[in-house]
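A.B. asks: Here is what each chain is made of, one letter per residue.
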Amino acid sequence: MDSSILRQLKKIAGKDAVLDRPEELMLYEYDAGVDKHRPGAVVFAQTTQQVSQIMRLASEKKIPVVPRGAGTGLSGGAIARREAIVLSLARMNKILEIDVPNQRAVVQPGVVNLELSNATAQYGYYYAPDPSSQKACTIGGNVAENSGGPHTLALGVTVNHVTGLEVVLPDGKVIELGGKPQDSTGLDLTGFFVGSEGTMGVVTRITVKLTKLPEHVTTLLGIYNTVEDAANTVVAITQSGITPAALEMLDGWMVRCVEANVHAGYPEDAAAVLLIELEGMREAVEEQAEAVSAVCMQQKAREVRRARDEKQRQLLWLGRKTAFGAVGRVTPSYYTQDGVIPRTKVPYTLAEIERISKKYGLVIANVFHAGDGNLHPLILFDSRDPGQQESSRKAAKEIMACCLSFGGSITGEHGVGMEKMGLMTAMFTEDDLEVMVRLRNAFNPESILNPQKVIPDLHFCREITGPLPKAKVEPVAGVPA
Amino acid sequence: MSALSSPVSVDRDLAAIVGDGHVTRTDFEINGVVPAAVVSPGSPEEAGAVLRLANDRGLVVAPAGGLTKQQIGGVPERIDILLSTSRMNRIEQYDPGDLTISVAAGMAFAEMQSTLREHQQWVPCDAAKLNRATIGGLLATGAAGPLKSTFGHMRDFCIGIQFVTTDGKVAKGGGRVVKNVAGYDLMKLLTGSYGSLAVITRANFKVFPRPRQTRTFICRFASIEEALKFRSFIFQSALTPMCMEIISPRAPEYLGEPGPVHDPDDYAPEHPLSLPAVEWQIVLRAAGSDNVLSRYARDLGSVATHALEGVEERDYWGWISHFEHNVLARHHNAMVIYTHLAIQSVGAALQALERAALDYNFIPAAVGRAGTGHLVLAFLPLSVDPPSAMQYANCVSAFRGLLPPGSSAEVAYCPKEAKPHFDVWGTTPTDVNMMRAVKRAIDPKNILNRGRFIV
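Heads up: the protein sequence lines correspond to chains C and B, in order. So for the first sequence, the working numbering puts the first residue at 336; every next one is plus one. So for the second sequence, the working numbering puts the first residue at 17; every next one is plus one.
There's no promise every hint is true.
[Said to hold, decoys possible] In silico DSSO-like links for lysine-lysine, alpha-carbon gap of 27 Å or less:
#, chain 1, residue 1, chain 2, residue 2
1, C, Lys508, B, Lys455
2, C, Lys508, B, Lys461
3, C, Lys350, C, Lys397
4, C, Lys508, C, Lys396
5, C, Lys729, C, Lys694
6, C, Lys547, C, Lys508
7, C, Lys508, C, Lys429
8, B, Lys245, C, Lys544
9, C, Lys544, B, Lys461
10, C, Lys547, B, Lys222
11, C, Lys397, C, Lys508
12, C, Lys345, C, Lys429
13, C, Lys346, C, Lys397
14, B, Lys435, B, Lys455
15, B, Lys461, B, Lys432
16, C, Lys729, C, Lys371
17, B, Lys432, B, Lys145
18, B, Lys455, C, Lys397
19, B, Lys245, C, Lys547
20, C, Lys397, C, Lys345
21, C, Lys694, C, Lys508
Simulated from the structure, these hints should not be mistaken for laboratory data.
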């Protein structure tokens, strides 16, 4: 990166807040997904004013900026394209206010998700969206990706819990969207901004809802001899009129992998388990637990266990939340998918994934948010073997094609980023995407912020925004062009 | 602006798009302005062609559904086309097992709800006039009722949206699955945009299991402070009521069959000279099994003086949703304000209502979501001369001035003569310049609802 730019960045953020040596930049060339690209520089902003100054500088010099939280994203949203400045918000990590009477917290973007819940638990409240990476991921990153998590089945994803944002626009201007009220007069730009993957502005302050801790929580473990029975149970629970707080599924391979890692208490000979959490008033939880157990048994569960105490409950969840890490222990690489399908299609889709697994000779492990049809098949491969790498990408595309054929989505909570950009044309028409680009340009007219993400460069983009290097849109078998 | 074509030639060109018989006249007024023509396209593509024509010729378009909320907003300079979605009124797809439904925008909400009911499901929206209000209209106005307390509003159920832009394109956002982050969240942007950005032609919703049993508990308090103290007790308790309404002393009069209409300003309570009404109510609606409902009764104890169930309960909540319309039916010159407040600002807003009303010769009445700060505030004119336009303007300004920072309050209804004298939308914490930039990006010629919305 140009040395005068580096000098100016250091002047804005401080000498210890800019990285530019190759060995330092290497640490910022990837996220938790599969893509890689080295940035030109990394700068750690500590105040809104610094973010504003950095953006103004970047806009003047036409240098792309990629905002970054903890780098736990799975779609390449925080990875640089070209020689970009990676703008890390990790040092803006203060909880600014816990406003219990208004059931809100005001945080800087670098606050780690779980730390907010830990800080508010003493008042009887927590922050509901709980991505599996919640021990590391930041709330700013969650806002960018509109992150979900196991407990968003009943309570909704990030966008349902954010009421206010302070945003720095690409030209350095600082604007407010919303505040402590649930909504405000005029356009809901707060809701529109959440999930924009760092392509509209840099979030520097976030007001979130705090949720009352439930009086009672219980966790059931449904154990199955076949994957189909577990999948059918998901459909049956959905139709029973009960909305569990969480409804998660792990297949047999995943169960054994997790057990080897943390001894969560899953039976190793199971073909699949369902982790079902119920919460609310004690009376309601007890009744629902009985009803859900009955549904599981009707759907040929081998056994339904109920966590005896909080310790056992936490252990069951530890298994689920460390599942990705457990996979990392047994395979050199894995490729996490994030497809969504209508809930009744879970059984068919799992059968299809099984077929794809056999076709490519790759293990595909399943651990996912079954209750809302959000699948996370993990394709295991060895990145040192180019053949396997290629097969894993092909298998991933076939899985996506299957989700789309059921009217599903290419991403439920991980975002489009750079990874799934080429698939956007399978879900959206050029007209759809053009509207999105026009709206994005109202915030980010010159594509300074996170260029070449989310929306592929189609012909109209050049008409609207001027020339950009062409993103590769690869054809996908089984998906209409 | 380009020169207007003669009405006859415009009508002919519109009829060429939507067919003879679908370009009609109306005497329906929007704040005193009668649209030049009503155009009812039969498909999103036809709607697109109508918008393209309007855009090319600089015609002002007002999208319309069941006409239940058209009086909200500023006085339009003119309306060339009232674009009715009434012919796009089918359920496109319903998958009870997946708990999702796809509906054309012109369908009446109640009609969709009755289909869902066959499967013990619902979209938890209880805004007013659902027999007439359409899916598209409810989305465009972000309409809600007491259920907003727990379920949120249309933006929280809408998982996919199809719309027509002013350049005639049929576009969409979202999809048909309940969790989806592919592309920008156009559902959030269009919900509550009051038809100012695009014409909504179809929406997909996630639906919910309908509660099998509910019960309503009415709790009465001698002062607003006591009522709000009770609200804190509910927040701290394990109870999770589906609705929590606060009802001001004068409001119950408007929660029932309306009395005879006294035009224009006759405030005529049943017993005008009896004891002044001072009683505040907090009304809770709980859903659950017998055990759950008994727990409510036990925990609320003697504070709950009344319980409602069945038809009585259903009607009661219907009246709460209908409050503002009942007020307006009785007092044509009443003013109704919707608030967006932080939870702890509810008390201040209700006191601001009482204070501003008193100072400007109105009688205050309010219902609203005590737990989320969405209040419906009515200013009833005293039965003297009709208030002057400036009286409304001054009252609104005084009321807004008393609200805690961060609040916003839009005037939903007041006499159209008063509207030019103040800003019906008021200030908002969200950057208005950014809103305008968004509007320009998608409706550069400002043909959609010009002069009516905040942008």
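A.B. asks: Under the constraints set out in the numbered hints, which ones does this structure not fulfil?
C.D. replies: 6, 9 and 21
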